[in-house]
Every structure is written in C-alpha cells, then in structure tokens.
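Starting from the known structure of chain B, arrange chain E on it as the hints suggest.
Single-letter residue listing:
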Amino acid sequence: MKKYLFWLLLLVATLNTSAQKYVLENGVIIFFSEAAIENIKAENVKTGSMLNTQTGDLAFSVPIREFQFEKKLMQEHFNEKYLESEKFPKSTFTGKMTGFDNTVKGIQQVKAGGKLTIHGVTTAVEISGTAEVQSNKIILKSKFMVKLADYNIKIPQLMWQNIAEQVEVTVDFTYKPQ
Amino acid sequence: MTMKKPALLFLFLILVQTLHGQDDLLAELEKQDSVENHYTFATFKGSHIINGQSVETRRKGELEFIFSHRFGLINGGAYTLWGLDESVTRLGLEYGLTDRFGVGVGRTSVDKTFDGYVRYKALRQKDNGVPVTITAMGTITYKTSPNEDDDPVVASQLTAQDRVAYVAQLMIARKFNTKLSFQLNPIYVHRNTVDQDVENNDDFALGFAGRYKITRSIALSAEYTLRLNEKENQPPGYERYDAVGFGIDIETGGHVFQLIFTNTLGMFERYTVTETFHNFFDGDIHFGFNISRSFQIAGKK
Numbered sequence: 001m002k003k004y005l006f007w008l009l010l011l012v013a014t015l016n017t018s019a020q021k022y023v024l025e026n027g028v029i030i031f032f033s034e035a036a037i038e039n040i041k042a043e044n045v046k047t048g049s050m051l052n053t054q055t056g057d058l059a060f061s062v063p064i065r066e067f068q069f070e071k072k073l074m075q076e077h078f079n080e081k082y083l084e085s086e087k088f089p090k091s092t093f094t095g096k097m098t099g100f101d102n103t104v105k106g107i108q109q110v111k112a113g114g115k116l117t118i119h120g121v122t123t124a125v126e127i128s129g130t131a132e133v134q135s136n137k138i139i140l141k142s143k144f145m146v147k148l149a150d151y152n153i154k155i156p157q158l159m160w161q162n163i164a165e166q167v168e169v170t171v172d173f174t175y176k177p178q
Numbered sequence: 001m002t003m004k005k006p007a008l009l010f011l012f013l014i015l016v017q018t019l020h021g022q023d024d025l026l027a028e029l030e031k032q033d034s035v036e037n038h039y040t041f042a043t044f045k046g047s048h049i050i051n052g053q054s055v056e057t058r059r060k061g062e063l064e065f066i067f068s069h070r071f072g073l074i075n076g077g078a079y080t081l082w083g084l085d086e087s088v089t090r091l092g093l094e095y096g097l098t099d100r101f102g103v104g105v106g107r108t109s110v111d112k113t114f115d116g117y118v119r120y121k122a123l124r125q126k127d128n129g130v131p132v133t134i135t136a137m138g139t140i141t142y143k144t145s146p147n148e149d150d151d152p153v154v155a156s157q158l159t160a161q162d163r164v165a166y167v168a169q170l171m172i173a174r175k176f177n178t179k180l181s182f183q184l185n186p187i188y189v190h191r192n193t194v195d196q197d198v199e200n201n202d203d204f205a206l207g208f209a210g211r212y213k214i215t216r217s218i219a220l221s222a223e224y225t226l227r228l229n230e231k232e233n234q235p236p237g238y239e240r241y242d243a244v245g246f247g248i249d250i251e252t253g254g255h256v257f258q259l260i261f262t263n264t265l266g267m268f269e270r271y272t273v274t275e276t277f278h279n280f281f282d283g284d285i286h287f288g289f290n291i292s293r294s295f296q297i298a299g300k301k
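So the sequences go chain by chain: B and E. Here my numbering is used: the first residue of the first sequence is 1, the next is one more, and so on. Here my numbering is used: the first residue of the second sequence is 1, the next is one more, and so on.
Incorrect hints may have been included.
Dumping the calculated PhoX-like pairs for lysine-lysine here, alpha-carbon to alpha-carbon at most 20 Å [to be verified]:
no.: 1; chain 1: B; residue 1: LYS90; chain 2: B; residue 2: LYS41
no.: 2; chain 1: B; residue 1: LYS154; chain 2: B; residue 2: LYS87
no.: 3; chain 1: B; residue 1: LYS111; chain 2: B; residue 2: LYS141
no.: 4; chain 1: B; residue 1: LYS96; chain 2: B; residue 2: LYS176
no.: 5; chain 1: B; residue 1: LYS137; chain 2: B; residue 2: LYS96
no.: 6; chain 1: B; residue 1: LYS90; chain 2: B; residue 2: LYS46
no.: 7; chain 1: B; residue 1: LYS90; chain 2: E; residue 2: LYS126
no.: 8; chain 1: E; residue 1: LYS121; chain 2: B; residue 2: LYS72
no.: 9; chain 1: B; residue 1: LYS137; chain 2: B; residue 2: LYS21
no.: 10; chain 1: B; residue 1: LYS147; chain 2: B; residue 2: LYS115
no.: 11; chain 1: E; residue 1: LYS126; chain 2: B; residue 2: LYS87
no.: 12; chain 1: B; residue 1: LYS87; chain 2: E; residue 2: LYS179
no.: 13; chain 1: B; residue 1: LYS176; chain 2: E; residue 2: LYS31
no.: 14; chain 1: B; residue 1: LYS111; chain 2: B; residue 2: LYS137
no.: 15; chain 1: B; residue 1: LYS21; chain 2: B; residue 2: LYS96
no.: 16; chain 1: E; residue 1: LYS60; chain 2: E; residue 2: LYS121
no.: 17; chain 1: B; residue 1: LYS154; chain 2: B; residue 2: LYS41
no.: 18; chain 1: B; residue 1: LYS41; chain 2: E; residue 2: LYS60
no.: 19; chain 1: B; residue 1: LYS111; chain 2: B; residue 2: LYS143
no.: 20; chain 1: B; residue 1: LYS137; chain 2: B; residue 2: LYS176
no.: 21; chain 1: B; residue 1: LYS115; chain 2: B; residue 2: LYS90
no.: 22; chain 1: E; residue 1: LYS179; chain 2: B; residue 2: LYS154
no.: 23; chain 1: E; residue 1: LYS126; chain 2: E; residue 2: LYS179
no.: 24; chain 1: B; residue 1: LYS72; chain 2: E; residue 2: LYS60
no.: 25; chain 1: E; residue 1: LYS179; chain 2: B; residue 2: LYS81
no.: 26; chain 1: B; residue 1: LYS46; chain 2: E; residue 2: LYS31
no.: 27; chain 1: B; residue 1: LYS81; chain 2: B; residue 2: LYS147
no.: 28; chain 1: B; residue 1: LYS21; chain 2: E; residue 2: LYS31
no.: 29; chain 1: B; residue 1: LYS141; chain 2: B; residue 2: LYS46
no.: 30; chain 1: E; residue 1: LYS126; chain 2: B; residue 2: LYS72
no.: 31; chain 1: B; residue 1: LYS46; chain 2: B; residue 2: LYS87
no.: 32; chain 1: B; residue 1: LYS90; chain 2: E; residue 2: LYS31
no.: 33; chain 1: B; residue 1: LYS137; chain 2: B; residue 2: LYS105
no.: 34; chain 1: B; residue 1: LYS41; chain 2: B; residue 2: LYS81
no.: 35; chain 1: B; residue 1: LYS105; chain 2: B; residue 2: LYS141
no.: 36; chain 1: B; residue 1: LYS46; chain 2: E; residue 2: LYS126
Quick caveat, the hints were computed from the structure, so don't treat them as lab data.
Chain B with its partners taken away, still in its complex shape (with noise of 0.2 Å):
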C-alpha cells in the first residue's frame, strides 16, 4: 500500500512537473477590412489563450463581443447580424504549434496546425507565425486573412462595398508561466 501511494505521489508530481503551460498575460486580437468606401478595424483585447511549450498545444478563445469598433453602430452590426455573437458567443483555435524552441532566444518562425472555429464553423486550418522568448515570457505574433465565405458569414449585396470578402487578423500575444 505505501508502495501504491509513492507511485502515485511520483506521478503527480512528474505529471506538474512536465506541465510547461503557459497563460497569456497580454493578447490584442485585431481584424482590418480593406473595402472600396471605407476601412474598418476593430481590437479585441479580452483574448484568453493557453500554451504548453512541452507538447506545443495552443489553444485560444475569442469573445466577439469585445471586438471594439470606432463606430459602434458598426459594432452592433457585426455582432447582430455577420458573427451573431448572440448565438455564437466565442471563436476558438485548438491546435499545436510545430517549429518551435523554448532554448532558442530570438524570433523564429513557427507553424500552428489546428481548428479554428469562427460563426459556428469549424475548419482546419494552418497559420504561420513567429514566437520570441524572452527570458520567461513567450511573445507569438502572426497575421493571417479569414475568408468570410468560408465560415459563412454573408454580407448582404447592398453592403458588399463597404466589407471586404477577407478579412486580415492580426495577433499578438504575451505569454508567462502559469
């Protein structure tokens, strides 16, 4: 029996120890639209996203409510009828992170291979990036187009002008030890 318990304290303590996560301590989530009348760009800076640099598991989770827009018509509009965040409260991203080196120091590219899920749908998809660490931080940056279409967000014809059929994302995020 007290073999059982060391066995188990062992393993508690190997699975602590091997857990190399990492919380985000700062993360500002950006979308632009370029389109013929006007440019629209809205920061989201409520992000939550979570790394483990053991297993390269990355997983990040996006409140569509907190996109800030200059205008808050605008705003409304886009959580009310394109990302219906009313019904779809949430886009998140699983996946791993390939290419990446916790001893290296400096910028180096990474890859992250996952499923990003936006309105409901879910795709597979791969985004390529840089990581940087910074003694115990963790930077990811990367800019990456979501086709509308392909999570079927539909701009209605009137308004085709004014929002552009891809948009441009733009992360940035600060990871520290959790």
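Relative to chain B, chain E alone:
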C-alpha cells in the same frame, strides 16, 4: 504482482494525459474565463418603433438624422392617389452625449410643432440578471400654428405658455431572443391649454409595442397606444381614437427604413395620444415612413 498494478496505473494515466492534450487546454481556458454577462443590444432597430419611442439611445458621439413622413388616408382612393397627394413630415436630430443619455430636437409640419427632448437609459437588460431595459424620456413641444397671418384673433389670444405641452414617459423593454422584443410604454401628456369641455389637460396612455425579425435585416413591428382616461360621449368632430401602427423595418448599414401603416399623423406623443382622430378599424389608415441615418461625429478613439 504488487509492482504491476501501479505500473499499469502509471501507463494508463500517461495515456489519459496524452489523449487529452489540446481539448484539455481549451477546457481549462474556458474555466478561467470570467462569467460572460453582457448588456443586451439591438432590442429595437430605431429610436422610434413606429410612432412611439423605443428604449434605444444613440451611442456616444453618434448623431441620428430622422426623417418621417405620413401621407393622407389610403381609403381616399384613386382620387387622392391613396393618400399620397397629402403629406406631413417631421425632421429630427438626436445626439448621444453618452451611450445612455441623449438629446433630440424635431419639427413637425402638423400644427407646425417644435419638440425637444432628453432620453436616458436608466436600466440595461443583461444576458443574465437584469431582465429589462428601462429608458425615461421627457419632452416639451411648442405649437407655432396658428400665427398672426393664419388667424389673427386666435393667435393674439394665445400666449407662449398656451402653446406648450409636456410629455413624460417610460419605455420598458425586453429582448426575449434575437428575434423577438416587446415594450411597455406608460405615457403622460400635459397640455397647458385645452378646450376643457372636450379635452383633458392631463392624459395618460399605455403603449404596447413589439418587433419580430424575419431576416437579419428585416423586422416586422406593431404598436398600440391605449388611452387610459379618454373623455366619453364626445360631440361629433371630437372623437379620438387609440393610435395603432404596423411597420416593416429594413436596415442597411447606417440607415433604418421603416414603412408604416397607422391611423395617426402624430410623430410626437402629444398628437399620438390626444389628437388621433382617425379610427384604424374603420380603414382610416395612413401610409408613412421613418428613415434614419446615423453619423459617428465624435468620440472616435
């Protein structure tokens, strides 16, 4: 034997640990999230539901221009082109000083009336918790008609005070789901000067209004203003009725178009509540519209 069991357990736990991986991370993340409790938004599309006001206020720095039109009676037939020959209009502006507090002015061709108001969203519905949004509104209207050219005798007898009416009202609304919203609207109207044989100085009414979205940009709406202290047995020509309205809201970007069928020409409460002299159920219906356009003129980051 005693060694094998823990070893198995160990292997099992390792397996579980690896199997979890990414989904676990997301689950952990969701757990950390503070409880999401946002204010409900877009209970109604416009500042007006049909003739009456909605709980909605303009956002900070947003200026709304609202242009309303009511034509003649549809049952005027082909001779009046179903009422389109005549029309009355209201031009209005409303500005959001904060997200909850707005001021507005308007001018209606009916009685050549000016109106000014303040609107404050006192309580906001939340996803969890507060069940309703409550907005309070106070209005002053000033009737400039008749002037000395129209009717020198009457005009000389009317002081500025006589031409003034006040309105106080509450809008209490709940958005039940993304499509359905409902509003109760107690209204108090005080007119400084009336013909007391046939009219009250103080009138009370209870408005009921609802909207149902049929697509993400189009909604149907209905409104009924029940008068609570109407005078009975009015002489011919002084009958008054409850204002009724049905509408279709179409929203495109910064515009809201509201197509309206109603029995009142009032685009302000003094008229809607106390001076609606057509009976909707006799077919005395006006076609009309409200068009609003929003401009963000200040408060940009």
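Do the hints match the structure? See the list:
1. Restraint check for LYS90/B and LYS41/B: the C-alpha separation of about 19 Å stays at or below 20 Å, so the hint holds.
2. Restraint check for LYS154/B and LYS87/B: the C-alpha separation of about 15 Å stays at or below 20 Å, so the hint holds.
3. For the given pair, LYS111/B sits about 11 Å from LYS141/B by alpha-carbon distance, which is consistent with the 20 Å threshold.
4. Taking the CA atoms of LYS96/B and LYS176/B, the gap is near 18 Å; set against the 20 Å cutoff, the hint holds.
5. Taken as a hint, the LYS137/B and LYS96/B pair is honoured in the structure, with Cα atoms around 19 Å apart against an allowance of 20 Å.
6. A hinted pair counts as satisfied when its Cα atoms are at most 20 Å apart, and LYS90/B with LYS46/B qualifies at roughly 11 Å.
7. The straight-line distance between the Cα atoms of LYS90/B and LYS126/E is roughly 17 Å, inside the 20 Å bound, and the hint therefore holds.
8. For the given pair, LYS121/E sits about 16 Å from LYS72/B by alpha-carbon distance, which is consistent with the 20 Å threshold.
9. Using a Cα cut-off of 20 Å, the hinted pair LYS137/B and LYS21/B holds, with the two alpha carbons roughly 11 Å apart.
10. The hinted pair formed by LYS147/B and LYS115/B meets the criterion: a straight-line CA distance of about 15 Å does not exceed 20 Å.
11. At most 20 Å may separate the alpha-carbon atoms for a hinted pair to count; LYS126/E and LYS87/B meet this at roughly 15 Å.
12. A C-alpha spacing of about 12 Å is found between LYS87/B and LYS179/E, which places the hinted pair at or below 20 Å, so the restraint holds.
13. Annotation: proposed proximity of LYS176/B to LYS31/E holds, straight-line Cα distance about 18 Å (limit 20 Å).
14. For the hint pairing LYS111/B with LYS137/B, the CA-to-CA distance comes to about 18 Å; that is within 20 Å, so the pair holds.
15. Our distance criterion of 20 Å between C-alpha atoms is met by LYS21/B and LYS96/B, whose separation comes to about 13 Å.
16. With a C-alpha separation of about 12 Å, the suggested pairing of LYS60/E with LYS121/E holds against the 20 Å cut-off.
17. Annotation: proposed proximity of LYS154/B to LYS41/B holds, straight-line Cα distance about 18 Å (limit 20 Å).
18. Simply put, LYS41/B and LYS60/E have alpha-carbon atoms about 18 Å apart, close enough for the 20 Å limit, and the pair holds.
19. The suggested pairing of LYS111/B with LYS143/B holds, with an alpha-carbon distance near 12 Å, which does not exceed 20 Å.
20. About 5 Å separates the Cα atoms of LYS137/B and LYS176/B, which keeps this hinted pair within 20 Å; it holds.
21. Simply put, LYS115/B and LYS90/B have alpha-carbon atoms about 14 Å apart, close enough for the 20 Å limit, and the pair holds.
22. For the proposed pair LYS179/E and LYS154/B, the alpha carbon gap of about 18 Å is at most 20 Å, so the pair holds.
23. A threshold of 20 Å between alpha carbons decides the hint, and for LYS126/E with LYS179/E the separation of about 16 Å falls inside it, so the pair holds.
24. In summary, the hint linking LYS72/B to LYS60/E is supported, as the alpha carbons are separated by about 8 Å, within the 20 Å threshold.
25. Annotation: proposed proximity of LYS179/E to LYS81/B holds, straight-line Cα distance about 11 Å (limit 20 Å).
26. For the hint linking LYS46/B to LYS31/E, the alpha-carbon distance of about 15 Å falls within 20 Å, and the restraint holds.
27. Distance restraint check for LYS81/B and LYS147/B: the Cα-Cα separation of roughly 17 Å lies within the 20 Å cut-off, and the hinted pair is therefore satisfied.
28. Under the criterion of a C-alpha separation no larger than 20 Å, the hint pairing LYS21/B with LYS31/E is consistent with the structure, at around 15 Å.
29. This hinted pair checks out: LYS141/B and LYS46/B have alpha carbons roughly 16 Å apart, not beyond 20 Å.
30. As the CA atoms of LYS126/E and LYS72/B are separated by approximately 18 Å, the hinted pair is consistent with the 20 Å bound.
31. Restraint check: the Cα-Cα separation between LYS46/B and LYS87/B comes to about 19 Å, which is no more than 20 Å; the hinted pair holds.
32. Taking the CA atoms of LYS90/B and LYS31/E, the gap is near 14 Å; set against the 20 Å cutoff, the hint holds.
33. Among the hinted pairs, LYS137/B with LYS105/B is consistent with the structure: their alpha-carbon atoms are about 11 Å apart, no more than 20 Å.
34. The hinted pair formed by LYS41/B and LYS81/B meets the criterion: a straight-line CA distance of about 17 Å does not exceed 20 Å.
35. Proximity of LYS105/B to LYS141/B is assessed by CA-CA distance (about 15 Å); at most 20 Å being required, the pair is judged to hold.
36. For the suggested pair LYS46/B and LYS126/E, the alpha carbons sit about 19 Å apart, so the restraint of at most 20 Å is met.
Consistency with the previously given hints is maintained throughout, with no hint failing.
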